[in-house]
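Peer 1: Here is how the chains run, residue by residue.
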Amino acid sequence: MDFDDSTEDRAFREEVGAWLDRALADVPDQEELSQDEREAWSRTWQDRLCEAGWAGLSWPVEHGGRGMDALAQAIFNEEAAKRGAPYPLNGVGMMLAGPTIIAHGTAEQQARYLPGILSGETYWCQGFSEPGSGSDLASLRTSAVKVDGGWLVNGSKIWTSNAHNASMCLLLARTDPDPANKHGGISYLLAPMDRFTVKPLVMINEDTEFNEMFLDDVFVPDSDVLGGVGNGWKVALTTLAFERGSMALNLWVWARQAVDRLVDLALERGRCDDEAFWDSVGALQCDAEAVRIGSMRMVAESQAGGIPGPETSALKSLWAGVVQNANRMAVQLDEAGGVLLDGDGAAARMRRYLRARAHTIEGGTEEVQKSILAERVLGLPRSR
Amino acid sequence: MDFDDSTEDRAFREEVGAWLDRALADVPDQEELSQDEREAWSRTWQDRLCEAGWAGLSWPVEHGGRGMDALAQAIFNEEAAKRGAPYPLNGVGMMLAGPTIIAHGTAEQQARYLPGILSGETYWCQGFSEPGSGSDLASLRTSAVKVDGGWLVNGSKIWTSNAHNASMCLLLARTDPDPANKHGGISYLLAPMDRFTVKPLVMINEDTEFNEMFLDDVFVPDSDVLGGVGNGWKVALTTLAFERGSMALNLWVWARQAVDRLVDLALERGRCDDEAFWDSVGALQCDAEAVRIGSMRMVAESQAGGIPGPETSALKSLWAGVVQNANRMAVQLDEAGGVLLDGDGAAARMRRYLRARAHTIEGGTEEVQKSILAERVLGLPRSR
Amino acid sequence: MHATFTRDQQDIAATVRAMVGDEKTGARAALDEGWSAPSCDAALLEGFSGLGVAESAGGPGSSLVDLLVAVEALGASLVPSRFAAHAAAIQLLAGSGEVPEAALEGQQVLTGAVVVPGAAGWAPTAGGTTTRTLVAHAESADAFVVAGTDGVRLLDRASVEVRQRESFDPAVPLADVTPTADGELAGAGEAGLQRATLVAAAELSGVAQGAIDLAAEYARNRHQFGRPIGSFQAVAFQLAEAVAVRKAAWDLSLYAAWAVDNARPDAAIQVHAAKAAAGKAAVFAAERCIQVHGGMGITREADPHLFLRRALVLDASYGTGAWHRRRTGALRVADRRASA
Amino acid sequence: MHATFTRDQQDIAATVRAMVGDEKTGARAALDEGWSAPSCDAALLEGFSGLGVAESAGGPGSSLVDLLVAVEALGASLVPSRFAAHAAAIQLLAGSGEVPEAALEGQQVLTGAVVVPGAAGWAPTAGGTTTRTLVAHAESADAFVVAGTDGVRLLDRASVEVRQRESFDPAVPLADVTPTADGELAGAGEAGLQRATLVAAAELSGVAQGAIDLAAEYARNRHQFGRPIGSFQAVAFQLAEAVAVRKAAWDLSLYAAWAVDNARPDAAIQVHAAKAAAGKAAVFAAERCIQVHGGMGITREADPHLFLRRALVLDASYGTGAWHRRRTGALRVADRRASA
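Residue numbers (our numbering), protein chains in the order written: chain E, 18 to 401; chain A, 18 to 401; chain F, 610 to 949; chain Y, 610 to 949.
Please note: incorrect hints may appear among the correct ones.
Pairwise CB distance ranges (calculated) [unchecked claim]:
1) E:E49 x Y:R873: 31 to 41 Å
2) E:D26 x A:P148: 49 to 59 Å
3) F:A943 x A:D53: 55 to 65 Å
4) A:S178 x E:P194: 28 to 38 Å
Hints were generated in silico from the structure; no laboratory data involved.
Just so we're clear, the structure is a prediction, and the values are computed from it rather than from any experiment.
We treat Cβ as the ideally placed atom computed from N, Cα and C, and that holds for glycine.
The following block holds chain E by itself, in its conformation from the complex (with noise of 0.2 Å):
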């Protein structure tokens, strides 16, 4: 058990450093950027990512990446979140669509669509959730009816994020409506959005990274179909997995940031030199390190050939806890318990605080993270 970084390690390491100083060099603090700028830097931070080869970064060589592992992309994550850098626009290409296409893909489709992700010419998004499929993804209605070449596809998508800049989208749908079991008659397609309507999704705290799209009439030529026709679940599963990897490399540092804020605010406030303050501050620190050791060996297992096991479950539990309840005693150490969102900063702490109610809900509710626990760790029979 070792958590040093290896030799050749700690020069990845220091290559990322130099490299990041340099392209972060004219990038604001993010934190003070309203939603647009925000969004603006993020495209151009995937520009300089892609033009500089980090795109593909745990891509195999042979598709165009760099065929490092989870450990490289966590040094490269880490070492960026250090430094404040922009969240890549394209992060659903580069961490989903990519190795998803590598995974279940014709050299056909590779060859058509890994280049434009690693170029940062073509943005892709995920279209799973509907509005009455959230949990239960396996009960989705967007409809594919067979025609001539290929499908035709109607319905509509939920909590879809970047889709307004996005070209692609990794389309789950339902091209038997009448299956033998509720996971079959799911098909995976790399559908074109020229005919989608994407429609903004304001949050509680006035943010849109979440759109609702509409598909009317959206055809998907044969060839689009990934992994098989009604092969779409197994194949959605891999995305949900490379979903949950990537997830676990950011979360520790929004926990450790959650909490710095937090001890940055109390101390401004004079708050933080009493045994109750630290008791909480104690408590939170330890769940923060937890999801950072823990996705240290959870990126430890992937590397060692295994793959992520059900325990992450309990990472995104416990960074969903610690974010939540440091916003919420932030929110609380403001004067007038926050409510005043002209006072210095409490509109900001007020926006993260109801951004964290979010997640315990996005990514798998905290009850599916419950359920995975009980199921898939301790081996207790389903609930559901």
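On the provided structure of chain E, position chains A, F and Y as indicated by the hints.
Peer 2: Frame of chain E; chains A, F and Y shown alone:
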């Protein structure tokens, strides 16, 4: 909305108080006694209640009671608790057996059994739960087979308070092994205990409040079926309603005492002048008072002719939380985290902490209380 | 003991509910367009301002519980009426026995000013020219009741400076209010503060109830895995816990109101306990309401966040929930120390 | 980075598990008859006392993680061996580099003495004749390692007075130990305290795991309402939460051991975090284990309370969980203040 005693209530409270002061003059502090000593005093106390005519306080006059209402019983219990009176040893007889027989018994059954309870001659216990039937009471398996003139009962019961002192049992048994629905086929028997084998169950705090009972060809005559063959479930619900009602009259006192003990310990240790302690005690105080006030409202509703609603489950749940948390905090306040049992008062504190773990299990588990709130207050669909 | 609602109290609740209807539209509209008086505002002010005011103070001799019952019903609907703020201000004055007739008739609209910026609890004095914060509906108020533990002052608009603040719940506009001059105090401040604080506790109890009702309705109707999500214990038990916490808050509020009206020796601790419990219940219920709504819960277009906004604003008002909880604990310790 | 268990570490865990078998019988027997050495006691002492001891201290050059892996496996089984107390005492000495060979061979059985009565955390000094409390297995120990943040002393039985106390977990007998004279200190106390404290954290992580395993097994097999109770979310999710909390504790313990072994700048805060988290995990898991067992859980004849006993004793030992949590927070604040 008026929480004050009426003039008559006040007069009754004074009458009760004067009697209690006399009757308790020679009774030692129950907290200082061994379990055996406490039990002996419980028996003595039961005798004094019977002699003075308090045993049938809220029973109708025609059945030998004083014909008073739930409020009078509440006043009596409150005044007794304030003075640290022992727990009467035939509580099951006075609070459950009597009222259930009054509600569902034939004139003959009433004449046969009620006088013994009022006189203190016959002690009762409640044979409902079984090793395989805890929260799922209706799955009970104790069988009653029809024989000439009555029923032959075999099976086992568990969690029976006071079984070793009782001579009669409120016994649920299955008179139809294959009923159309699982609540059918259960009958409610008034069973003599001379053929019961009673085995004490040692609890984790070394007390032996509860027993296991083994029934081997116990004969119950037809005349001792209460409420008719196959109607046992309905009769049992009556008993359970009386149980909830009588619990609520006592719960709040125990909650207050738990908080008292915690604060006294902190005062003794000089550990109660910081805001963190005030915060914790404040939270406990809120819930403890909520249990008291909720109980008053519940009594007032019964008095106004209504039946205590499912909100009673909220009181049970709050109460269990207060006592568990107060008792855990007390142990933690102790030197060495309470684990050195020869420390001053440490053993008693640890016993109470352990005893309180049962509060979320006995009298309907925490999970059962929440189900009741979910289904009967919120109208959510059954989860089981 | 008659610890049940009187027929009158049941009527009050029913009447208020009928008047406000489903006014969540008002709370939502305020988000986009700022506060405006709901249609029921004037009628509430005119019809109910005497609730909780004794005859000695010029009122109809109504109990504080009567008022709480009305405010709780308002809270559940989130109706953005000025009534609760006005009624709380009247209660600040009612402690001293001098409520202007125009205020009792709902013609002169009042609001209370009790928290000094940077402090968590009630102001120590009503005198001086110290600024008060978290003053609700100041922009449209006719007069201001500045209160501290030593008394109250009734100030007209000309005697204060009002600085509008940005409220997390735009349906409850908040302002800083600064008296321009010192002045004479009236009455016993503490009694008034207790009475007014319970008005906030009652509204919070209502907010908690409204959030629970909304979440339960969603849980009964939303299906996943072929079942209503309310049939999953993980969903159902969150709301069951909210029911218990909310019942605690409401029972404490009712009892505290009775204790204050009847000058019971435990009135002070009961008021603190009620406000602490009510803030906790409302915030908890609103957060659970969001969680049970899943993805919809974090959208602006769904209603759950409206409950959270109101809950947090009221939890901060008339002393934060955390302050009241600590006061509850401190009084309990003091009481026990005295009896030892 | 190789943040995975080495083959050696996997072997250690498997070997220990095989040696202890299902030794809960030992923990139970101690309740009635007092402590006696389990059959595996001598073999554990002889075979594993060198774990976690560097070559410079006369050991085989094994990492602290190696030792934690062994102790965690012991913790899960509740085996009443003296090994963990002995190993922790060796770690107190290992900080100073001087561990007697007889102790490393398991011939001289040690125990640590680090908490002064009335204090929640580590003793400030190893010197003087102040009594230490919560000393495990003192009655059968050959020598005592008295430790404070300023160093350690190794005292034989003749140099101390031992007063047996009544332990909540009779499988871990506890005593007060008083040095009869002052004496010279060796080594750096803090490093030793950190290493020893992590031994307790590892055992607590094991206790948590054992309680979770027991509860999960019961939940899979006990039926109510025609289903295994583990299929009810209310039951299952309690244990899922315990899994998350326990994973946090174990991951923190492993990382802290690595940080201490490698003299990382964050070693101190990581040790406090690990002990705080491990105590919380074990107590939580044991309480949930009782709850999931329903009525059986509160009987002496069922096993869940055995986990609670061990959890509470270890949570109190080597600094209470609450003390370590506050220290974690204080160090975090100090760190942030320094970097501001």
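Peer 1: Could you run down the list of hints and mark each one as holding or not?
Peer 2: Verification of the hints:
1. One distance hint, 31 to 41 Å for the beta-carbon pair E:E49 and Y:R873, holds here, with the actual separation near 33 Å.
2. For E:D26 and A:P148, the hinted distance range of 49 to 59 Å is satisfied, since their beta carbons lie about 58 Å from each other.
3. The hinted range of 55 to 65 Å is not satisfied by F:A943 and A:D53, whose Cβ atoms lie roughly 39 Å apart.
4. Take A:S178 and E:P194: their Cβ atoms lie about 59 Å apart, and the range 28 to 38 Å is violated.
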